[in-house]
Amino acid sequence: MAKIGIMSFAHLHGDAYASCVLANPDAELTAVWDDDVQRGQDAAQRYGTTFIEDMDEFLKQGLDGVIITSENMKHRHMVEKAAEAGLWILCEKPLAPGVEDAQAMVDTCKKAGVGLGIPYPCRHVPALKEVKGQIDSGALGKIFAVACTNNGQYPGGWFGDEALSGGGATMDHTVHVADLLRWYTGKEFTKVYCENGNVLRPGLGTDDLGVMHMEMEGGIAISHIASWSRCDSFPTWGDVTLEIVAENGVIEVDAFNQKVDVYNDDDVKAQWVGWGMDPNGGIVADFVASIAEKRDPIATGIDGVKSVAVTVAAYESARSGQMVDV
Amino acid sequence: MNIGIIGCGVMGELHAQLAAECGHRIVACADTSRSKAKQLAKTYKDHGAEAVKDGMNVAGQPEVEVVVINTPTPTHGEFIKAAAENGKHIFCEKPLGRTAAECEEAVQAAKNAGVKLFVGHVVRYFHEFETIKGLVEAGKAGEPGFVKTYRGGMAPQGEGGWFRDVAQSGGVVFDCSIHDLDWIRYAFGEVERVFCQTVHETKPDVIDYAMVTLRLKNGMIGQVIGTWAHPSGFRVKAEVCGSRGVLQFDSAQTAVETHMRKTARGDDPSVIVPGSPVDKSPYLLEWEDFTKWLNGEGEPRVTPEDAVSAVRIAEAALKSAETGAPVTL
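Read top to bottom, the protein sequences are chains A and B. The first sequence stops at residue 334 when you use our numbering, and every number in between is there. The second sequence stops at residue 330 when you use our numbering, and every number in between is there.
None of these hints come from the bench; they were simulated from the model. For each residue, glycine too, the CB sits at the ideal point set by N, CA and C.
Dumping the calculated EDC-like pairs for lysine to aspartate or glutamate here, alpha-carbon to alpha-carbon at most 16 Å:
1) B:238 with A:262
2) B:238 with A:260
3) A:89 with A:62
4) A:89 with A:65
Facing chain B, according to a computed beta carbon distance under 8 Å, are these residues of chain A, among others:
5) 217
6) 238
7) 253
Excised from the complex, chain A in its bound form (with noise of 0.2 Å):
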């Protein structure tokens, strides 16, 4: 029985995470850590476990293995303290939202000789996985293009204050499918343009809209929209697309376009109610295995370093106005 803690709800990906602890045979949620005491102490409330205040306190509460679901730029911090506790790591995305300190992050891990995983839920979606299963086959042939969108709704609160998020839906919205092009080719990125900008949400601290293009190694060219672009009234959280053009053909992907759509009169709006799978279990399942088995995560701290550099670049670009080496 893997004993897990979370640090930080800060993220709302903490709260799926916690669910799927819960739901897992092979897990119990021992305690929960916050900086915000209130936040922590209704999360403990809500998972039945144990909300202990002094970070230190908590990482010797005999744990396994840590889920980091804070603001992106106390990530580092978190990852240092549970790294020298010797816990097994489990870091939302973006790792960093600069390079170097992603790449210290793994290297602590490495040096501490704990596991560090990134949670990319698409490496866990099975319409995701089947193309995977495609591309592996060689049926498609080689791969030419790929144009990409990741559109969301804003999230809100801290996401909007670069200070805490280090950018906006360029970097909220890139690393998802950096990591899953460079799963689907196992090629690395060589090159980013970006045009992006506040140009949704009026006043708002940071980008909520990114049009990158990229390259990849071999020339495979890749368009890629991340966004905050779907108003509140829009029918579903957001998307991840990719059409996919190689030489045998075309494959178009509609990620969690697996839904009912629902028109009920006490909603204020058109609802879509997936039925597809849900990765958080994945991503869990692969992280309390990764701490029997004394391995990373699926998704690496390598992994994560290599999906931040692209976002990084796309940032640089930007601000260049050239498009940038990764």
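With the hints as your guide, set chain B onto chain A.
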């Protein structure tokens, strides 16, 4: 008016039919393929249509008042100049030309001759695009910040496969995405800079795919994807996002869907003209607009300068794709 059709392929046939519907007479049909010219002339036998080998002869034919140019893009300029010199009004399929310089010359020639030059940027007449534009103007997206379009399907052939020769056609950017480049400019304003990536492959089949990002002068961002990379079909999508809403259109969600194994003629369709289940097709609306202009009733929705601007954006896109750098207009 008396119409001379230059280029009797799919678009030539369509424009002849629409011109006839607007009350014009088809008097000459030119095509380098004698059989195509004859076939179309036969359809308009009642109008007195004659088959001609060389389009230049149509441009110079005394009874012709309007020429309709549906030939491969690089030939547009010469036909326009010849028609203008002979005092004919001109309907030219998009794109106006293969380069902005050629287009400017053609527009100047028409201006000098005092003839009317209309370019077939028909998307401005498509009901779905007009509806989106109207909704944006009515504030249904709030303040718009992002526009995205998607257009294409299988690569068209054209006589001798000229569509598939980027040197001639400019590929999917010049021949397909140009509709969207024009429409975005029409609906949202001038373009500041362009970035583009293209894929041009010839094996195992022609694959032409283009991804264009636009930054508009008003700060909006646009993305235009054009595909001649699909094994079949034709699809159009559009999306506008703003401070208060999202507008989406997808041609895959349609009132009528027909799946034919063959065209009525028994061949595989090589150039797909998207249809619309409406009383008046966008192509007819375009011809009505042009006809009004010919009759001296108001200005058309597409000006010659609009057509030059669209080519200028497309040219910038191809330059960006070649250099890997953004191109400022």
